[in-house]
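Student: Make a model of the complete structure from these sequences and hints.
Protein chains in written order, with my numbering: chain G, 1 to 241; chain B, 242 to 560.
I should point out that these hints are in silico values taken from the structure, not numbers from a laboratory.
In this text the structure is predicted, and so the values were computed from the model without any measurement.
Keep in mind that a hint or two might mislead.
Listed next, the in silico EDC-like pairs over lysine to aspartate or glutamate satisfying Cα-Cα at most 20 Å (straight line) [to be verified]:
(1) B/K527 to B/D467
(2) G/K19 to B/D467
(3) G/K19 to B/E336
(4) G/K19 to B/D329
(5) G/K76 to B/D325
(6) B/K474 to B/E507
(7) G/K19 to B/E295
(8) G/K76 to B/E295
(9) B/K422 to B/E356
(10) B/K411 to B/D441
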Amino acid sequence: MNAIIIYCVRDLIRWFRGKWGFISALVAPAAWLIFVGLALPVTFTDNYLAFVTPGILVMTTLSASMQGGALIIMDKILGFYNKFMALPPSRESILFGKILVTTIRGIIQSTIILVLAFLLGVPIYSPLQIIGVYLILILFGCLLSSVTTTLAISIGEHDSYAAVTAMITMPLFFTSSAMMPYSSMPEWLRIPAHINPLSIAIDSIRDVTAGLIPGQSILILVILTIFVVSINVKLFRRVKL
Amino acid sequence: MSSTLIAEDLTCNYGNLCAVDSMNIDVGNEIFGLLGPNGSGKTTTVLMFTTLLEPTKGTASVCGIDVVKYPKKVREHISYVPQDMALDVRLTGRENVRFFAELYGVSRPKEMTDEVIGVLDLAERADDYVKTYSGGMRRRLELAQALVHDPQVLFLDEPTVGLDVAARRKIWDHIRSLKKKGMTVFVTTHYMDEADRNCDRIAFIDKGRVRKCDTPASLKTIISGDIIVATIKGNFSFSNIPDIRFIGQQEDEITFLAHDGQRASELIHREVLSQGLTLHSLYVRKPTLDDVFLHLVDDNEDTRPMNMSTYRNMLGKRR
Ligand SMILES: Nc1ncnc2c1ncn2[C@@H]1O[C@H](COP(=O)(O)OP(=O)(O)O)[C@@H](O)[C@H]1O
Ligand SMILES: [Mg+2]
Chain G
1 MNAIIIYCVR DLIRWFRGKW GFISALVAPA AWLIFVGLAL PVTFTDNYLA
51 FVTPGILVMT TLSASMQGGA LIIMDKILGF YNKFMALPPS RESILFGKIL
101 VTTIRGIIQS TIILVLAFLL GVPIYSPLQI IGVYLILILF GCLLSSVTTT
151 LAISIGEHDS YAAVTAMITM PLFFTSSAMM PYSSMPEWLR IPAHINPLSI
201 AIDSIRDVTA GLIPGQSILI LVILTIFVVS INVKLFRRVK L
Chain B
242 MSSTLIAEDL TCNYGNLCAV DSMNIDVGNE IFGLLGPNGS GKTTTVLMFT
292 TLLEPTKGTA SVCGIDVVKY PKKVREHISY VPQDMALDVR LTGRENVRFF
342 AELYGVSRPK EMTDEVIGVL DLAERADDYV KTYSGGMRRR LELAQALVHD
392 PQVLFLDEPT VGLDVAARRK IWDHIRSLKK KGMTVFVTTH YMDEADRNCD
442 RIAFIDKGRV RKCDTPASLK TIISGDIIVA TIKGNFSFSN IPDIRFIGQQ
492 EDEITFLAHD GQRASELIHR EVLSQGLTLH SLYVRKPTLD DVFLHLVDDN
542 EDTRPMNMST YRNMLGKRR
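Tutor: Below, the structure is given as structure tokens:
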């Protein structure tokens, strides 16, 4: 079996067995969907839940990635690194295992959101649309989890990493197109919202659910992902024990 | 004897600090102990042999393979159990071993896992979560992980630290049986007595330099004579008693070296009484590796009596 998959399966089992971490990862995004989707008074659409679902999906991917980044730090602090590095598989497979498991965690959480959204009255996507949505989420998950693992490796310490992610998450979400269309945003927010990487993912999902193919956005995501992963590998090779 | 591990002029600097200084060792098919106080460079040496740290200077090879040029190849021949334990407490013992079997790419992971778990006496508890394991069991589980791919060389960094006496003995029993099966075991420790009892050969390391490398028996012949230990209440001034060498003092306990222990202890007894002090206890014993180590380190410095208590702490001597 491939080492990347072996590392990934180990982290998945640890996640499932760590009961509360797993439960909260499933409940928290659902809470977001319900409170934001059903409670906010909006006038620009009559099915706000349908509008906000792509935003919550991407937000969930973001928070899954933030949590996933911590995995690599914990492995280092707890001394697993030392053991893994002395094994025959290439060292990068540790890194790719983390990116894979983080992406999978995000996808599992997104699936819960999607099912819940359909139950709460969002019009069900066609199978082709669902495939498109997952494709974007997987791509975006890879991108974000390599960003967070890069961040984690360069910060190298758990508390500081947690502080940095807490600082980034909220602003990133609220300056994206998750909550409202560009036309309803205040003037000053439009430019940051357009360049916000979350918006790229959110807008592509909206395009897909509207029956379009967001080729350009997907290309941007692919290029960004390749770029970040290659930086990540370089950093990882240099990391000290 | 063919060499399994060779270090030539092996050196590692951390910034200005020289952690390992021009090490030259040659390890055959044996239990080889790297013995020295904390901070002497043992872990650094192991990290270089296991390809985790690049030497600043010099070369190291494992089974004839250079660790810098072919790290991946080297890693296929070795197993490494670091000083600090790292096990997945939410996985069972069996899952922990199976995980390593798969990472090593062994051909029948399930069978091999069951086999090593049996060998290390963990079968009964193999399906319990590691959370519930004692320290000794965890160490054995780490050994099982390391042995699951049947390595040619096993590196153990302080394998018995923090364990109770029974658990320690069990670990050493396993290590010795591995050697019988033909494995080379490179083990670091700061417990002199354990190295004495279990290693075929020992290298004394202090401040990054190998001071001496030999079998425990020949090392002990470096000091000839008896060790006399006296517990004296009061301020004993050691005026030269002929043929007796002062070795060190720890609180009230003073250690001497002499050719004839019986005669020397009589002389010491008399001297203590003549100084008007009380002698609480006096006994003669054979030199241990501790004494040899102190003697060797002492030789390289001056002849001023060294402070035993600092050294005992460094040596982690358990009393
Ligand atoms: N990563 C590091 N950076 C700087 N100094 C280090 C590092 N690791 C170890 N040292 C220093 O190198 C010396 C040898 O350490 P080590 O090999 O861990 O000794 P031992 O294992 O014998 O206790 C010590 O003085 C230690 O403080
Ligand atoms: Mg050490």
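Student: Check the structure against each numbered hint from earlier and tell me which ones fail, lowest number first.
Tutor: 2, 7
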